[in-house]
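Peer 1: Heads up: the sequence lines are chains A and B, in that order.
The numbering of the first sequence is this note's numbering, which starts it at 1 and goes up by one.
The numbering of the second sequence is this note's numbering, which starts it at 1 and goes up by one.
Quick caveat, the hints were computed from the structure, so don't treat them as lab data.
Bear in mind the structure is a predicted one, so any value in this text is a computation, not a measurement.
Glycine is no exception: its CB is placed at the ideal position from the N, C-alpha and C atoms.
All clues stand as given, with none of them false.
With a straight-line Cα cutoff of 27 Å, these simulated DSS-like cross-link-like pairs (lysine-lysine) come out: (1) A:K76 - B:K55; (2) A:K12 - B:K55; (3) A:K35 - B:K55.
Computed footprint of chain A on chain B, listed as stretches where at least three residues anywhere in the stretch have a Cβ under 8 Å from a Cβ of chain A: (4) 40-52; (5) 75-83.
These stretches of chain A come out as covered by chain B in the derived footprint (C-beta under 8 Å, 3 or more residues): (6) 37-50; (7) 70-77.
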Amino acid sequence: MLDEPKLQALRKGFLEFLVLRIIQGSSVYSADILKRLAGTEFATQEGTLYPLLSRLRREGLLDYAWQESDSGPPRKYYRLTEAGANRLAEFNVYWTRIQQTISSLGG
Amino acid sequence: MRPVIAVSLNGRAYQLEDEAHRALAQYLDTAERALAGNPDRVEIIADLEQAIADKCDRFLNAHKTVLTQTEIALVIEQMGPVETGTDGAAATPDPQQTGAHRDGTTPAPPKRLYQISAGALLSGVCAGLAVYFDVDVTLVRLLFVIAAILTGGLAVLVYLAMMFILPYANTPEEVAAAAGLPFNARALIEQWKRKAARFADAAAYAARRQGSSAEHARWHAEWRRARAQWRSEWRKNRPEWHARRWHSWNATAPPPPPPPLPPAAAFLSGLGWAVLGILVALITLAWLVALLSLLATGALFGWSLPHLPLWAAILVLIVLYQLVLSPLRALRYAHSPHLYAYRYRSHALADALVGLAILALLVWLLDHHLPAVEHVLSVLSERLSSLWRQVAAPSR
Numbered sequence: 001m002l003d004e005p006k007l008q009a010l011r012k013g014f015l016e017f018l019v020l021r022i023i024q025g026s027s028v029y030s031a032d033i034l035k036r037l038a039g040t041e042f043a044t045q046e047g048t049l050y051p052l053l054s055r056l057r058r059e060g061l062l063d064y065a066w067q068e069s070d071s072g073p074p075r076k077y078y079r080l081t082e083a084g085a086n087r088l089a090e091f092n093v094y095w096t097r098i099q100q101t102i103s104s105l106g107g
Numbered sequence: 001m002r003p004v005i006a007v008s009l010n011g012r013a014y015q016l017e018d019e020a021h022r023a024l025a026q027y028l029d030t031a032e033r034a035l036a037g038n039p040d041r042v043e044i045i046a047d048l049e050q051a052i053a054d055k056c057d058r059f060l061n062a063h064k065t066v067l068t069q070t071e072i073a074l075v076i077e078q079m080g081p082v083e084t085g086t087d088g089a090a091a092t093p094d095p096q097q098t099g100a101h102r103d104g105t106t107p108a109p110p111k112r113l114y115q116i117s118a119g120a121l122l123s124g125v126c127a128g129l130a131v132y133f134d135v136d137v138t139l140v141r142l143l144f145v146i147a148a149i150l151t152g153g154l155a156v157l158v159y160l161a162m163m164f165i166l167p168y169a170n171t172p173e174e175v176a177a178a179a180g181l182p183f184n185a186r187a188l189i190e191q192w193k194r195k196a197a198r199f200a201d202a203a204a205y206a207a208r209r210q211g212s213s214a215e216h217a218r219w220h221a222e223w224r225r226a227r228a229q230w231r232s233e234w235r236k237n238r239p240e241w242h243a244r245r246w247h248s249w250n251a252t253a254p255p256p257p258p259p260p261l262p263p264a265a266a267f268l269s270g271l272g273w274a275v276l277g278i279l280v281a282l283i284t285l286a287w288l289v290a291l292l293s294l295l296a297t298g299a300l301f302g303w304s305l306p307h308l309p310l311w312a313a314i315l316v317l318i319v320l321y322q323l324v325l326s327p328l329r330a331l332r333y334a335h336s337p338h339l340y341a342y343r344y345r346s347h348a349l350a351d352a353l354v355g356l357a358i359l360a361l362l363v364w365l366l367d368h369h370l371p372a373v374e375h376v377l378s379v380l381s382e383r384l385s386s387l388w389r390q391v392a393a394p395s396r
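Sequences are here, hints too, so could you generate the full structure?
Peer 2: Below, the structure is given as structure tokens:
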């Protein structure tokens with residue numbers, strides 16, 4: 001049932017919100033985002049995450065900085081921009097409202 | 001010994017087995033297409049390559065420096081299909097081109113009608129139709145023969161038309177498209193995973209049931225059912241395996257980064273392709289006329305066959321046609337102007353030469369050891385030389 005396309009679409013819509021939530025606070029490496037999502041209903045792969053990160057950056061919600069790593073080449077560490085933080089706050093408010101609506105409409 | 005291909009992933013060098021390279025190139029190709037129109041395409045691809053490189057590193061150490069097909073397939077599976085966002089910021093390209101969809105499923109690709117030369121009796125039209133409609137090829141052939149008889153030969157014309165119009169399914173993707181199957185590494189892996197899971201289930205079931213012999217019969221029935229299902233699935237997917245096997249025989253690769261052909265060579269090979277095509281068409285036409293004359297009059301161009309029943313004559317005609325044509329087809333393939341064939345041209349040439357040699361050997365052996373064949377050949381050569389004299393006489 002969880003694989004139903006409708007539910008899949010629902011999860012897809014939440015992904016952006018979740019990525020912003022994970023990134024808030026400190027700067028995060030993309031592999032860490034995947035690790036945080038892995039094992040949840042929102043488990044995501046690079047093929048999905050990278051285009052999403054790139055779009056969020058283009059929309060001005062994210063920014064990244066190169067950081068040297070002990071193993072391998074430098075890595076991109078993402079953090080929220082001010083616009084990103086604002087968007088996340090909006091999202092959070094909206095999410096609370098939706099939850100209230102859902103519980104008020106349900107039995 | 002396996003050939004190894006060196007690639008650069010985001011600036012680092014990796015060594016891949018041929019098959020692994022092909023799978024990876026296909027994945028990145030699909031990614032590029034999915035990101036077409038995305039202004040950050042180059043950057044995303046670089047990130048993806050970096051992630052692939054990181055995953056590859058896990059398989060490598062000082063004593064293992066080459067990545068196998070299995071490992072690359074795992075890496076690709078972990079990467080997942082490259083999906084573009086829902087909203088306008090990322091231009092969503094034509095879904096038919098991307099192959100990978102936002103919801104992670106691959107849509108059923110459009111079916112196309114192709115000729116399939118693997119296992120073809122004549123040209124592969126029937127094989128293509130059979131795959132397209134998912135029925136047995138023998139049935140299609142039978143229907144064609146019946147149609148040809150009922151329509152007084154009209155169906156033969158239809159066959160001829162299709163022979164010249166329908167494209168050949170040359171690459172495994174095209175063969176897959178002929179059957180309407182998705183062809184990509186992910187689909188293949190999932191197929192195998194499904195099979196493996198089913199096999200594991202059956203094995204676990206067997207282990208559980210082993211103890212009680214009363215239940216054994218039930219298990220056996222279950223196992224037989226699973227096997228039947230497996231088989232039917234295998235049959236359903238056979239074109240794909242066919243394609244893969246055929247691919248390893250005839251070495252038709254899914255378009256690898258093609259080396260550009262020098263113009264002169266391209267022209268020559270195009271010319272060879274066309275001339276051989278005409279030759280094949282002429283031989284086919286002559287063969288069809290011979291077949292029709294045999295069927296209509298019971299004789300070959302007015303020459304009645306010595307001690308040979310009609311069915312045997314038809315059989316001989318078909319076998320002869322195949323023998324003559326197969327090296328020609330291979331030769332034509334060697335001259336294929338398609339770029340992907342370029343790398344393997346020497347193989348096809350060798351195929352053709354071997355085919356011709358076997359044909360010559362066969363004729364020679366039959367000529368020397370079967371009096372009937374010797375007789376037929378001598379009569380045939382007489383007829384041919386008399387025909388030649390008739391043709392050549394007026395010009396003198």
